[in-house]
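A.B. asks: Listed below, chain by chain, are the residues.
There are 2 protein chains.
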Amino acid sequence: MADAASLADVRLTPAKGGITAPAGFKTAGVHCGIKATAALDLAILAADGPASAAALFTTNLAQAAPVILSRRHIGHTQGSARAVVVNSGCANACTGDVGLAHARMMAVETAGAVGCTPEEVLVASTGVIGVTLNIDRVVAGIRTAARALSPANGSEAARAIMTTDPFPKEHAVTVDTPQGSFRIGGMAKGSGMIEPDMATMLGFLTTDAQVAPAMLRQALQASARDTFNAITVDGECSTNDCLFAMASGASGVAIDGASYPALLEGFLAVSRELALGIVRGGEGATKLIAITVTNARTIDAARQVARTIANSPLVKTAVHGADPNWGRIVAAAGRSGVSFDIDQATVHVGGILLFENGLPHDDAAPLAAEHLKGKTVQIDVSLGSGAESATIWTCDLTAEYVRINGEYRT
Amino acid sequence: MADAASLADVRLTPAKGGITAPAGFKTAGVHCGIKATAALDLAILAADGPASAAALFTTNLAQAAPVILSRRHIGHTQGSARAVVVNSGCANACTGDVGLAHARMMAVETAGAVGCTPEEVLVASTGVIGVTLNIDRVVAGIRTAARALSPANGSEAARAIMTTDPFPKEHAVTVDTPQGSFRIGGMAKGSGMIEPDMATMLGFLTTDAQVAPAMLRQALQASARDTFNAITVDGECSTNDCLFAMASGASGVAIDGASYPALLEGFLAVSRELALGIVRGGEGATKLIAITVTNARTIDAARQVARTIANSPLVKTAVHGADPNWGRIVAAAGRSGVSFDIDQATVHVGGILLFENGLPHDDAAPLAAEHLKGKTVQIDVSLGSGAESATIWTCDLTAEYVRINGEYRT
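From first to last, the protein sequence lines stand for chains A and B.
First residue of the first sequence? That's 1 in the working numbering, and the numbers climb one at a time after it.
First residue of the second sequence? That's 1 in the working numbering, and the numbers climb one at a time after it.
Quick caveat, the hints were computed from the structure, so don't treat them as lab data.
Watch out, some of these pointers could steer you wrong.
[To be verified] Some chain A residues near chain B, calculated using beta-carbon distances under 7 angstroms:
no.	residue
1	Gly-358
2	His-361
3	Gly-384
[Stated by the list, open to error] A short, non-exhaustive set of chain A residues, derived as facing chain B with CB atoms under 10 angstroms:
no.	residue
4	Phe-57
5	Thr-59
6	Gln-63
7	Ala-250
8	Ser-251
9	Ala-254
10	Tyr-260
11	Leu-276
12	Arg-280
13	Gly-284
14	His-320
15	Leu-397
16	Arg-403
17	Asn-405
For every residue, glycine included, the Cβ atom is placed at its ideal position computed from N, Cα and C.
Given these sequences and hints, build the entire structure.
C.D. replies: This is the structure:
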């Protein structure tokens with residue numbers, strides 16, 4: 001969270017247009033034939049001129065070709081990019097040297113179409129792992145998309161990057177500051193968080209503020225920590241995860257130390273909306289669950305306990321069944337690897353105290369069960385051992401999740 | 001695994017009688033009224049005289065009253081016990097001082113019935129967390145069970161410790177050695193491995209060999225590592241897990257350094273059968289999955305990779321759907337935290353090579369899919385980075401798991 005004092009004069013208001021709400025960006029989403037259906041499967045996001053860029057990549061040891069290539073490209077340009085090209089329907093992961101060559105061809109083709117060097121193009125892919133791209137279709141799609149680039153196509157792009165996502169995720173805000181106004185836009189996809197086949201998480205942020213690459217990277221990392229990196233659908237981590245940010249500078253507002261908190265606040269607002277959209281649209285999900293751990297010794301300890309609870313299949317199934325089963329929450333916290341005194345811990349569900357002083361408050365269980373019947377669930381765990389806190393968002397585990405992932409591909 | 005050379009003259013053969021196959025033990029299983037149905041819910045296992053004893057307990061920070069009490073008792077006696085009393089249907093966990101008093105009353109009542117000190121009684125409970133025991137019914141049940149103690153009641157005891165287990169788990173072997181013959185018996189329960197409500201893992205081993213407490217503990221720890229501690233249903237860890245061993249000495253065969261490998265081999269055989277029974281009977285399970293990781297730098301690294309794959313909901317749902325989705329296996333290994341070179345790794349499913357040199361062998365996928373349709377699935381991952389290996393067993397993740405855990409209690 002940015003410093004509150006420095007944000008007194010800053011106002012965030014929702015804006016239309018998603019990824020192209022900020023000035024200086026065009027986009028397009030087309031169907032090129034990677035997906036068997038007629039659904040959109042290729043998107044280009046292009047800045048009108050050279051833009052600052054920052055990127056975060058999956059920490060999985062197995063990295064897809066576009067991840068390897070994009071990391072090289074942004075290292076080569078030291079934080080500058082002109083365009084991003086994204087395909088869905090094929091992850092181009094575990095595809096060896098051919099896969100790398102295909103990712104490079106996507107960058108070369110996009111560079112030719114928008115007028116920049118291949119190194120100024122970032123590439124992202126999502127879809128089935130271990131399958132080689134139909135590069136002829138992709139190249140044809142890039143040409144079609146390049147001709148269709150427009151500031152009005154944000155929604156097409158947001159749909160073109162989807163795989164099993166039940167709905168597109170896009171959001172934008174206008175940030176008014178004493179130094180001037182600028183916009184931040186974004187789109188994301190992901191359904192299992194960070195999942196190797198269908199539901200890799202991809203996120204894209206744009207702004208028309210003028211931001212130096214190092215500061216852009218700082219804002220991206222800081223906002224991702226509490227948004228894209230604070231969600232989990234199934235605890236999986238993909239070969240293809242990417243989060244990209246581009247700053248066009250078209251608003252004329254230059255971000256410095258004084259206005260950085262406003263930029264960060266805007267990044268947080270857009271990223272949170274997109275990240276929670278991913279959880280709400282998680283595979284088989286029917287509920288959004290926020291797990292807040294307070295009074296931990298460190299933020300990392302709070303995150304570790306919250307994440308263990310969030311990934312507990314027993315907690316997720318209990319929430320699905322609207323069962324105020326605090327015992328599963330206590331047991332997950334107890335096996336998280338974080339040391340704390342159970343007798344000092346408390347558990348609230350929907351603000352209702354269920355566990356304190358090592359004992360249940362089962363008389364309150366029916367009230368908590370009512371809360372659990374809603375679409376948004378709040379679980380609070382106090383460890384009683386410090387002053388730090390963290391929130392992790394997840395969704396419930398349902399028979400539909402099993403169906404989606406058990407029946408896929410076969 | 002015990003030294004092969006020292007096992008040349010050792011022969012293991014299955015024996016009848018389960019936990020009471022070894023001489024010197026009696027048991028009983030009764031219905032005392034903790035469960036709402038007429039199902040058995042209380043068991044006593046008693047040695048005819050003082051026995052060596054060893055115990056392993058859950059590592060969860062949240063420990064149930066019987067765990068706290070049993071740990072104290074076996075510490076007090078320094079590895080001697082006369083009886084174990086177990087109830088199902090109520091975990092006596094998160095029940096505060098009242099819960100501890102109830103666990104102690106179970107020990108006192110059992111001690112009075114079998115003629116020993118309360119400290120010579122170990123107590124275990126499994127069932128719903130956060131609910132206070134109906135101690136009057138339990139005390140009455142202990143009296144009834146004590147009158148029914150018999151060497152012929154192994155199966156009743158194995159059924160009385162069940163919760164959602166679809167079938168009882170019991171096994172016994174006769175161990176013939178140059179020093180003489182002895183028996184090892186056991187029973188276990190558990191359905192979610194190590195689950196806070198219904199499916200805590202409890203394991204009990206008996207032997208009529210004469211074993212000093214320190215050596216009994218050594219055999220219990222060593223055999224648990226590759227059996228009870230090498231299974232996972234859902235990655236959860238309970239407040240109530242216990243594994244107890246008792247040695248009556250009734251066979252007259254004293255275990256020393258020369259015959260220890262035979263004892264360990266017998267413990268491994270019985271524990272493996274019981275542990276795999278827990279996985280086969282895992283909540284909602286339809287398949288037993290063995291995940292063997294080879295060519296790791298250390299055994300711990302091999303276990304960590306195998307465990308990450310075993311707990312991956314995407315791998316578990318893919319196996320359920322008979323989908324040879326090696327990408328999910330590679331991605332789970334890649335996020336396990338163990339460092340290795342993906343290009344050196346291989347993945348086999350049912351002995352069929354699916355991934356090598358960073359590339360898929362998708363032509364073999366239909367064969368692997370056939371293997372996955374069976375009840376027992378073998379997944380082999382070579383990390384290509386060392387000489388150590390480990391196996392973890394798990395089951396598939398099914399809609400039935402969600403149903404059991406989403407609809408329980410409400």
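A.B. asks: Would you mind marking each hint as holding or not holding in the structure?
C.D. replies: Evaluated hints:
1. Gly-358: holds, 5 angstroms
2. His-361: violated, 9 angstroms
3. Gly-384: violated, 13 angstroms
4. Phe-57: violated, 13 angstroms
5. Thr-59: holds, 7 angstroms
6. Gln-63: Hint holds; A/Gln-63 Cβ to chain B Cβ min 8 angstroms, cut 10 angstroms.
7. Ala-250: violated, 38 angstroms
8. Ser-251: This hint is violated: A/Ser-251 lies away from chain B, its Cβ roughly 39 angstroms from the closest one there, beyond 10 angstroms.
9. Ala-254: violated, 39 angstroms
10. Tyr-260: violated, 32 angstroms
11. Leu-276: At about 21 angstroms, which exceeds the 10 angstroms cut-off, the nearest Cβ of chain B leaves the hint on A/Leu-276 violated.
12. Arg-280: Since chain B brings no Cβ nearer than about 19 angstroms to A/Arg-280, farther than 10 angstroms, the hint is violated.
13. Gly-284: OK, holds: A/Gly-284 within 10 angstroms of chain B, min 9 angstroms.
14. His-320: holds, 5 angstroms
15. Leu-397: holds, 6 angstroms
16. Arg-403: OK, holds: A/Arg-403 within 10 angstroms of chain B, min 7 angstroms.
17. Asn-405: holds, 4 angstroms
Checked against the numbered hints given earlier, the structure breaks hints 2, 3, 4, 7, 8, 9, 10, 11 and 12 and satisfies all the rest.
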